[in-house]
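Q: Go ahead and model the full structure; you've got the sequences and the hints to work with.
So the sequence lines, in the order shown, correspond to chains A and B.
This note's numbering numbers the first residue of the first sequence as 1 and each following residue consecutively.
This note's numbering numbers the first residue of the second sequence as 1001 and each following residue consecutively.
Hints listed in this document are in silico derivations from the structure and should not be mistaken for laboratory results.
Don't take each hint at face value.
Which stretches of chain A does chain B cover? Using the computed rule of at least three CB atoms under 8 Å from a CB of chain B, they are [what the hints assert, rightly or not]:
no. : region
1   : 52-62
2   : 102-108
Restraint ranges, calculated between C-beta atoms of paired labels, are given here [stated by the list, open to error]:
no. : chain 1 : residue 1 : chain 2 : residue 2 : range
3   : A       : G62       : B       : T1139     : 22 to 32 Å
4   : B       : P1074     : A       : L48       : 46 to 56 Å
5   : B       : E1199     : A       : G95       : 38 to 48 Å
6   : B       : A1043     : A       : A27       : 55 to 65 Å
7   : A       : K46       : B       : E1087     : 51 to 61 Å
8   : A       : K10       : B       : K1120     : 44 to 54 Å
9   : B       : I1179     : A       : G95       : 23 to 33 Å
10  : B       : F1170     : A       : K46       : 16 to 26 Å
11  : A       : L48       : B       : A1182     : 35 to 45 Å
12  : A       : L48       : B       : V1068     : 44 to 54 Å
13  : A       : P56       : B       : A1092     : 50 to 60 Å
14  : A       : R29       : B       : K1120     : 28 to 38 Å
15  : B       : K1229     : A       : P30       : 45 to 55 Å
In this text, a Cβ means the ideal position worked out from N, Cα and C, and glycines have one as well.
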Amino acid sequence: MVQLGSRLLKGYRGGHVVIRFALGGCANRPFFRIVAAHSKRARDGKYLEQLGCLDPLPNVHGERVAGLNLERLRYWLGCGAQLSRPAEKLLGLAGFLPLHPMTVTGAERLRQRRQRPQQVGTAPVDGP
Amino acid sequence: MAALGARVSLAVPARLRALWGRHARRGLAQDAGEGKAAKPRPAFTDEAVQALLYKMTGIDLHKVFRPVRKELKPPQYKLMTEAQLQEATRKAIEEAKEKLIMPPVLDEREPIDDVLAEDKFLEGTETTKYVFTDLTYSTPHRERFIVVREPNGVLRKATWEERDRMIQIFFPREGRRVIAPALFKDENLGNVFQQDRHEDVLNMCIAQFEPDSPDYIRVHHRTYEDIDKRAKYDLLRSTRHFGGMVWYLVNRKRTDGLLIDMINRDLLDDATSLITLYHMLHPECQSAKEAKEGKLKGVDLIKVFVKTESQREGYIQLALQAYEEAMATSTAS
Chain A
1 MVQLGSRLLK GYRGGHVVIR FALGGCANRP FFRIVAAHSK RARDGKYLEQ LGCLDPLPNV
61 HGERVAGLNL ERLRYWLGCG AQLSRPAEKL LGLAGFLPLH PMTVTGAERL RQRRQRPQQV
121 GTAPVDGP
Chain B
1001 MAALGARVSL AVPARLRALW GRHARRGLAQ DAGEGKAAKP RPAFTDEAVQ ALLYKMTGID
1061 LHKVFRPVRK ELKPPQYKLM TEAQLQEATR KAIEEAKEKL IMPPVLDERE PIDDVLAEDK
1121 FLEGTETTKY VFTDLTYSTP HRERFIVVRE PNGVLRKATW EERDRMIQIF FPREGRRVIA
1181 PALFKDENLG NVFQQDRHED VLNMCIAQFE PDSPDYIRVH HRTYEDIDKR AKYDLLRSTR
1241 HFGGMVWYLV NRKRTDGLLI DMINRDLLDD ATSLITLYHM LHPECQSAKE AKEGKLKGVD
1301 LIKVFVKTES QREGYIQLAL QAYEEAMATS TAS
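A: Written out as structure tokens, the structure reads:
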């Protein structure tokens, strides 16, 4: 019973509030909850508040559904919470925050990777 | 009935406004915007129009409070004096008035077509779109932010259908499904009409769709058409859908069938209020002018209307004759 108490009423040294994804669901069926939690907590452990959800698999209409409680999100950001990188990218896509630079960089890199096999295909022909 | 009518014309608009709120104000604003030069056309929400429609709906307590499928309980019997019975009937009429509040009649909503951001360099990174819904509990559903990020990088506002679906997913309402039941497709509506279940269809439609969605309007119009074609006006009498049906028919000038039905059932008051409503909505027609000059009432009003406006004159004349003969024999005997 003492072990149970220490798990529930954990006090940490340092650490900060983060807004990040907590993974749930089943095998081959992920589901993310957007959560404000202490940074030192387990990924799926006790959180301060759930701020939304994201279903990464497309539904019948071909859309990935995400819900964001913007009012509470603004509250936690005002309290000084930090965001994890996937959370920042998601909020950038949603338009709440400006687009993350890594999203842009990732898009560029993907485009270059796709163009490279075509260039490799044409290069030997251009060679001297 | 007159006392009830007077009470209704004061009470209904306040209740309607409280119930329909935004919808009514938007609908009224659209109507007011159109006819600024001439007198504005009477809208569905005007007190005079509502009073007429309410009078025509009638209150048949047995139909309003007919048994609805609920969990079974043995019937309760109460022993009452005459005064208590009258009190109970009065309270029942109050409750019936609540049940007979008419659902809103609005114009079809304009499709949403608003792009918030275009980020063309995101094209090709994703294969499916993202739909983001704002889950703030206190915002009204009409003002909620629901945006879609397409695979080609465009961030746009969600269409009305996407909005309704997302709101039903996150804030489910009883009686509403995320994907509309197949019942509301045109081919399946025919089956339901065969079984004379127009009222049930309309109740389900009100639960499922928003009042200004094209599906709601389409199902309602189909139902009214079918009732008009088969002259089954009595199915909706004493329900909350009767007013909407009368409004639809009067706007399209197809009141003959309804008029015949009313005369056959000896509802002359309803017939006169129907014609009064017709004149309110179409003040430029012949019979309206004659009625205003002559200040006609009752059967004369109907006769003038029949001569000038109706298509099925013969039938209506026959019905009127039958009614007058019946009146004559009943007064004689």
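Q: All the hints need checking, so say for each whether the structure fits it.
A: The hints, checked one at a time:
no., hint, result
1, 52-62, "holds (count 5)"
2, 102-108, "holds (count 5)"
3, A:G62 / B:T1139: 22 to 32 Å, "holds (27 Å)"
4, B:P1074 / A:L48: 46 to 56 Å, "holds (52 Å)"
5, B:E1199 / A:G95: 38 to 48 Å, "holds (45 Å)"
6, B:A1043 / A:A27: 55 to 65 Å, "holds (58 Å)"
7, A:K46 / B:E1087: 51 to 61 Å, "holds (58 Å)"
8, A:K10 / B:K1120: 44 to 54 Å, "holds (47 Å)"
9, B:I1179 / A:G95: 23 to 33 Å, "holds (27 Å)"
10, B:F1170 / A:K46: 16 to 26 Å, "holds (24 Å)"
11, A:L48 / B:A1182: 35 to 45 Å, "holds (44 Å)"
12, A:L48 / B:V1068: 44 to 54 Å, "holds (45 Å)"
13, A:P56 / B:A1092: 50 to 60 Å, "holds (55 Å)"
14, A:R29 / B:K1120: 28 to 38 Å, "holds (33 Å)"
15, B:K1229 / A:P30: 45 to 55 Å, "holds (53 Å)"
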